[in-house]
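S.K.: Spelled out, the chains give:
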Amino acid sequence: DAGITQSPRYKITETGRQVTLMCHQTWSHSYMFWYRQDLGHGLRLIYYSAAADITDKGEVSDGYVVSRSKTENFPLTLESATRSQTSVYFCASKRLPGQGPSDEAFFGQGTRLTVV
Amino acid sequence: KNEVEQSPQNLTAQEGEFITINCSYSVGISALHWLQQHPGGGIVSLFMLSSGKKKHGRLIATINIQEKHSSLHITASHPRDSAVYICAVRSYTSGSRLTFGEGTQLTVNP
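Order-wise, the sequence lines are chains A and B.
The first sequence begins at 77 in the numbering used here and counts up one residue at a time.
The second sequence begins at 220 in the numbering used here and counts up one residue at a time.
If we strip away everything but chain A, and leave its shape as in the complex, we get (with noise of 0.2 angstroms):
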């Protein structure tokens, strides 16, 4: 299907184990981002990535690795997974600036992680 999904939807996870979430674009979109939501604060990014093989570090990256290989998928692992990593997570993706009538965000679904 076209648009930009996630999975899982929603993980369980225990504390050290490493977890990846998976996202997935058909639009071919240059730029691609991922964001925790938590209570009481707004969306944070955690990595974000221009191009295939190339990426930087949001804000809140500790404890987070990305990989982009391809234009369409941009995984994040989560190394050892914490408690205070529980959260939801958001893919988003968006084209370079002029290229399409729109520099609108797309994003996808959520995961829910709880690490206990």
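Worth flagging that the hints you see were computed from the coordinates, not collected in a lab.
All of these numbers come straight from a predicted model, not from anything done at the bench.
Don't be surprised by glycine CBs; every beta carbon is placed ideally from N, CA and C.
Keep in mind that a hint or two might mislead.
[Claimed, not checked] Derived pair list, reagent style EDC-like, types lysine to aspartate or glutamate, alpha-carbon separation capped at 20 angstroms: (1) B/K287 to B/E236; (2) A/K133 to A/E155; (3) B/K273 to B/D300; (4) B/K274 to A/D132; (5) A/K87 to A/E155; (6) B/K273 to A/E180; (7) A/K146 to A/E135; (8) B/K272 to A/D114; (9) B/K272 to A/D179; (10) B/K274 to A/E180; (11) B/K287 to B/D300; (12) B/K274 to B/E236; (13) B/K272 to B/E286; (14) A/K87 to A/D129; (15) B/K273 to A/D179; (16) B/K274 to B/D300; (17) A/K133 to B/D300.
[To be verified] Part of the chain A face toward chain B, derived, beta carbon under 10 angstroms: (18) P84; (19) G134; (20) G139.
[Unchecked claim] Derived DEER-like restraints, expressed as beta-carbon distance ranges: (21) B/G259 to A/M98: 31 to 39 angstroms; (22) B/I279 to A/T91: 41 to 49 angstroms; (23) B/E234 to A/T91: 40 to 48 angstroms; (24) B/I279 to A/D129: 26 to 34 angstroms.
Based on the hints, put chain B in the right spot on chain A.
M.R.: Relative to chain A, chain B alone:
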């Protein structure tokens, strides 16, 4: 202090009322976005604006660059408008990254 402040945090209205949600920011911006997060969690973009005013159906977004302020208005509100409304800005120094407000929880009662 957050770079993006929204008010109110929570808003309850009766169906049909005119609703205003405010967003103030403290940095120079190239664009401001209004997003809607449905009760199921999905986020959709409502508006992106850098000046003036935009209208889509019953939704109107305005921005005053000099005052660093934007408003989202909903006319003739309906229970299906119940959602979290999020303001986000793209600053001149942030490239394509957005900074988000905490959101305004809107509940419209029938």
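S.K.: Confirm or reject each hint.
M.R.: Verification of the hints:
With a CA separation close to 26 angstroms, the supplied pair B/K287 and B/E236 exceeds the 20 angstroms bound. Restraint check for A/K133 and A/E155: the C-alpha separation of about 15 angstroms stays at or below 20 angstroms, so the hint holds. Between B/K273 and B/D300, the direct Cα distance comes to roughly 18 angstroms. Compliance with the 20 angstroms bound is thereby established for this hinted pair. Only pairs whose Cα atoms come within 20 angstroms are accepted, and B/K274 paired with A/D132 is rejected, the gap being roughly 35 angstroms.
Under the criterion of a C-alpha separation no larger than 20 angstroms, the hint pairing A/K87 with A/E155 is consistent with the structure, at around 15 angstroms. Straight-line distance between C-alpha atoms of B/K273 and A/E180 comes to about 14 angstroms, which keeps the hinted pair within the 20 angstroms bound. Only pairs whose Cα atoms come within 20 angstroms are accepted, and A/K146 paired with A/E135 is rejected, the gap being roughly 24 angstroms. For the hint linking B/K272 to A/D114, the alpha-carbon distance of about 31 angstroms lies beyond 20 angstroms, and the restraint is violated.
Restraint check for B/K272 and A/D179: the C-alpha separation of about 17 angstroms stays at or below 20 angstroms, so the hint holds. A threshold of 20 angstroms between alpha carbons decides the hint, and for B/K274 with A/E180 the separation of about 16 angstroms falls inside it, so the pair holds. As the CA atoms of B/K287 and B/D300 are separated by approximately 26 angstroms, the hinted pair breaks the 20 angstroms bound. Under the criterion of a C-alpha separation no larger than 20 angstroms, the hint pairing B/K274 with B/E236 is consistent with the structure, at around 17 angstroms.
At most 20 angstroms may separate the alpha-carbon atoms for a hinted pair to count; B/K272 and B/E286 meet this at roughly 15 angstroms. Of the supplied pair hints, the one linking A/K87 and A/D129 is violated, its CA atoms being roughly 27 angstroms apart against a limit of 20 angstroms. Distance hint between B/K273 and A/D179 is fulfilled; the C-alpha atoms sit about 15 angstroms from each other, no more than 20 angstroms. Of the supplied pair hints, the one linking B/K274 and B/D300 holds, its CA atoms being roughly 16 angstroms apart against a limit of 20 angstroms.
As the CA atoms of A/K133 and B/D300 are separated by approximately 35 angstroms, the hinted pair breaks the 20 angstroms bound. With 10 angstroms as the threshold, the beta carbon of A/P84 stays out of range of chain B, its nearest partner Cβ sitting at about 13 angstroms, so the hint is violated. Checking A/G134 against chain B: minimum C-beta separation of about 7 angstroms stays under 10 angstroms; hint holds. The beta carbon of A/G139 comes no nearer than 19 angstroms to any beta carbon in chain B, farther than 10 angstroms, and the hint placing it at the interface is violated.
Checked against the hint of 31 to 39 angstroms, the pair B/G259 and A/M98 fails, with Cβ atoms roughly 19 angstroms apart. For the pair B/I279 and A/T91, the beta carbons lie near 47 angstroms from each other, so the given range of 41 to 49 angstroms is met. Under the hint 40 to 48 angstroms, the C-beta atoms of B/E234 and A/T91, about 46 angstroms apart, fit the expected range. The beta-carbon spacing between B/I279 and A/D129, approximately 42 angstroms, falls outside the hinted interval of 26 to 34 angstroms.
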